[in-house]
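Novice: Construct all of the structure, not just a fragment, from the sequences and the given hints.
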Amino acid sequence: MADDGEWMLESIAGYLSSPDWIIPIADFTENNCSVFDDEDENKLTYTEIHQRYKQLVERLLDNYMQEVGITEEQFLEASSALTVNKTLQAVFQPVLATHDFQMFRSLMVQKNMELQLQALHVIKERNGGLPECLTDGVDVMSELEKKEMNILQEVLRRSKEEYELEKADRIQEKDETASTSSSLSEALLGTACDSVNGINGTSQENELKEYGVLKTSPPSCERKTLPALRPPVKGSGPADHMTSEILSDCDSSRRLTDEEGLQQRTEYLKQQRDKLHALKRDQTLKTPTERAPVAPDPRHHTQEISVEEKKKLQKRKHLAEKLKEEVIKK
Amino acid sequence: MGEVQKGLFSVIEKLKGTTEQELRIVLLGLDNAGKTTLLKQLASEDVNTITPTQGFNIKSVSCDGMKLNVWDIGGQRKIRPFWKKYLENTDLLIYVIDSADKKRFEETGLELSELIDEENLKGVPLLIFANKQDLATASPASEIAEGLNLHTYRDREWQIQACSAVDGEGVQDGMNWIINNIVKKK
Ligand SMILES: Nc1nc2c(ncn2[C@@H]2O[C@H](COP(=O)(O)OP(=O)(O)OP(=O)(O)O)[C@@H](O)[C@H]2O)c(=O)[nH]1
Ligand SMILES: [Mg+2]
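Protein chains in written order, with UniProt numbering: chain Y, 1 to 330; chain S, 1 to 186.
Derived from the structure by calculation, the hints contain no laboratory data.
Hints may be right or wrong, so weigh each one.
Calculated lysine-lysine pairs in the DSSO-like style (CA-CA distance at most 30 Å, straight line) [stated by the list, open to error]:
{"#": "1", "chain 1": "S", "residue 1": "Lys185", "chain 2": "S", "residue 2": "Lys122"}
{"#": "2", "chain 1": "S", "residue 1": "Lys40", "chain 2": "S", "residue 2": "Lys59"}
{"#": "3", "chain 1": "S", "residue 1": "Lys85", "chain 2": "Y", "residue 2": "Lys43"}
{"#": "4", "chain 1": "Y", "residue 1": "Lys54", "chain 2": "S", "residue 2": "Lys84"}
{"#": "5", "chain 1": "S", "residue 1": "Lys78", "chain 2": "Y", "residue 2": "Lys43"}
{"#": "6", "chain 1": "Y", "residue 1": "Lys43", "chain 2": "S", "residue 2": "Lys84"}
{"#": "7", "chain 1": "S", "residue 1": "Lys103", "chain 2": "S", "residue 2": "Lys85"}
{"#": "8", "chain 1": "S", "residue 1": "Lys122", "chain 2": "Y", "residue 2": "Lys43"}
{"#": "9", "chain 1": "Y", "residue 1": "Lys54", "chain 2": "S", "residue 2": "Lys59"}
{"#": "10", "chain 1": "Y", "residue 1": "Lys86", "chain 2": "S", "residue 2": "Lys84"}
{"#": "11", "chain 1": "S", "residue 1": "Lys122", "chain 2": "S", "residue 2": "Lys184"}
{"#": "12", "chain 1": "S", "residue 1": "Lys67", "chain 2": "Y", "residue 2": "Lys86"}
{"#": "13", "chain 1": "Y", "residue 1": "Lys43", "chain 2": "S", "residue 2": "Lys67"}
{"#": "14", "chain 1": "Y", "residue 1": "Lys54", "chain 2": "S", "residue 2": "Lys78"}
{"#": "15", "chain 1": "Y", "residue 1": "Lys43", "chain 2": "S", "residue 2": "Lys59"}
{"#": "16", "chain 1": "S", "residue 1": "Lys184", "chain 2": "Y", "residue 2": "Lys43"}
{"#": "17", "chain 1": "Y", "residue 1": "Lys54", "chain 2": "S", "residue 2": "Lys103"}
Specialist: Okay, structure coming up:
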């Protein structure tokens, strides 16, 4: 019976690390994360999305159990054994998010931020740096940023608290000690990264680094390699054309110090993000053709972008950088 | 919700350990009743910058060794149809009434009686806050209780508590009732 449990546990953990699970879950979070900002108040749509997430998880687990031929009781019994295994517990996090709205929310907020960061990264790679119009304005933002940071820290604190509760139990059993900072990282990892990374066997420290790297350079995670968004060869296509356009826009906006330049940047970022999004979907659908996106003219939709959104994007970027710092420091 | 989902609950409980039990509390009532003010008061946060809730807020408050997860959902008419999506697994319903808003006593009474009939709230204890007692025009709690026919509620424990969410008066008394009647019985 003990052997049975062991086998089942490994099978479950294996499933939760397999593409059959990881891809639909990642697809879901990527397709639905864009409405998840880090305002204190929750939107009603979060609940609806959470509901659909529950249904997805339920469907996946049902399929899995049928395939492997285990009952729900067996599954739950094996899952209970996760209390004593940290690595498996981490893999189980996306399952737990079905019943923990706060956990689900921070997972989605995190994913949203991650996609924004990736878009920024792509711009950096293309231009050898961020256009100046994206890097200034820090002072104007600092107030809003502070507020957002507080909210984020609250979320982190909460997940840390929960982590430590779990941990307190284990310490009794295993007499294991760890510093506060590492448990914060682990909690962060737990809520933010597990669904993406898949995690197998690496130590928490390594995962943390991976996470840091993942934040700065997305291609470190294999699923996230985005060949089509690499800097294009000079003068080879519409994307390159756009790059120079953007750079010259940047010059002019600096000259004019007007809002338009910033708005275009914002729109560009949003488009990058959407492209990235679409690209990943393509990748997961295993249709590698037609990946090179034809960049839309960033000026087309300029009028639709509010000052609000522009601010939001910029503060998001600063926030993400702070977060990155925090994670790497600790 | 399938069996796996229900079962997962127990797994999560186990994962969280037995150190702290949790209660799910839902805070409802008409718009402008003072729900968010009350929530912030409970969490010892600033109550002066509150705007009408378009979605919902969640705060966790530690209380007598228990973690109270309080869900405050917007009370505007257009949001009320969504209330029932938040009632599952609720341990306590807190219903907030603006005691000075006599014009809407009937409306708030109707909303409450509809909630009480919800399957998910069957037998769930009810705490009513007769809020805004600091206002001169506020009706006393006893009058409101009568208007709501609270004495006819026999399928659950209930309590009505006069309070002022802005200055905190009476809020602790309501919390004490929760501790004595729900937390201690868990
Ligand atoms: N005088 C007085 N005003 C109060 C009290 N509690 C809340 N208010 C005020 O009533 C108004 C509405 O309070 P909210 O907390 O936003 O009400 P709510 O129930 O959350 O409203 P919705 O989010 O629209 O459902 C605010 O201006 C509060 O300052 C109170 O005890 N006394
Ligand atoms: Mg409110």
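Novice: Evaluate each hint against the coordinates.
Specialist: Hints, one by one, checked against the model:
1. S:Lys185 x S:Lys122: 17 Å, holds
2. S:Lys40 x S:Lys59: 8 Å, holds
3. S:Lys85 x Y:Lys43: 13 Å, holds
4. Y:Lys54 x S:Lys84: 17 Å, holds
5. S:Lys78 x Y:Lys43: This hinted pair holds, its Cα atoms lying about 14 Å apart.
6. Y:Lys43 x S:Lys84: Between Lys43 of chain Y and Lys84 of chain S the Cα gap is close to 16 Å, so the pair holds against 30 Å.
7. S:Lys103 x S:Lys85: This hinted pair holds, its Cα atoms lying about 28 Å apart.
8. S:Lys122 x Y:Lys43: 27 Å, holds
9. Y:Lys54 x S:Lys59: Within the cut-off at roughly 22 Å; holds.
10. Y:Lys86 x S:Lys84: 36 Å, violated
11. S:Lys122 x S:Lys184: Within the cut-off at roughly 20 Å; holds.
12. S:Lys67 x Y:Lys86: Distance ~24 Å between Lys67 of chain S and Lys86 of chain Y Cα, so the pair holds.
13. Y:Lys43 x S:Lys67: Cα-Cα ~23 Å, so holds.
14. Y:Lys54 x S:Lys78: It holds: about 25 Å lies between the C-alpha atoms, which stays within 30 Å.
15. Y:Lys43 x S:Lys59: Cα-Cα ~15 Å, so holds.
16. S:Lys184 x Y:Lys43: Measuring from Cα to Cα gives roughly 33 Å; hence the hint is violated.
17. Y:Lys54 x S:Lys103: 41 Å, violated
Of the numbered hints stated above, those contradicted by the structure are hints 10, 16, 17, listed in ascending order.
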